[in-house]
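A.B. asks: Mapping of the sequence shown onto my numbering: position 41 corresponds to residue 42, and the numbering continues sequentially without gaps.
In short, the hints are calculated from the structure, not lab data. Be careful, since some hints might not be right.
As the list claims (entries may be wrong) - Taking lysine-lysine and the DSS-like style, the derived pairs with C-alpha atoms no more than 30 Å apart in a straight line are: (1) 36 - 9; (2) 9 - 28; (3) 17 - 28; (4) 36 - 17.
Since the model is a prediction, treat every value here as computed from it, not as a measurement.
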Amino acid sequence: MTDQQIVKSCNALAAKIYESMGYTSPKGYRFDQAKHPQECGCWSMAVMAYEHIGDIDVEEALERLFEQ
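Construct the entire structure; sequences and hints are all you get.
C.D. replies: Next up, the structure:
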């Protein structure tokens, strides 16, 4: 997966986590740019899941995207 695909996929997982809590977000919402604590928590959980299951460092991928 490319860095862009990793970040996009992690955002999709964060949206599913958010939805499981009874909330909805706009399609394509960027949880990695969230300021609200609930949304930031969903992003953190999605990042942890990627690290645990796939040994993928999402935050590192995100940093590389901003370096470009």
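A.B. asks: Each of the hints needs a verdict: does it hold here or not?
C.D. replies: So, going through the hints one by one against the coordinates:
1. At most 30 Å may separate the alpha-carbon atoms for a hinted pair to count; residue 36 and residue 9 meet this at roughly 18 Å.
2. With a C-alpha separation of about 12 Å, the suggested pairing of residue 9 with residue 28 holds against the 30 Å cut-off.
3. A threshold of 30 Å between alpha carbons decides the hint, and for residue 17 with residue 28 the separation of about 11 Å falls inside it, so the pair holds.
4. For the hint pairing residue 36 with residue 17, the CA-to-CA distance comes to about 18 Å; that is within 30 Å, so the pair holds.
In summary, this structure violates none of the numbered hints.
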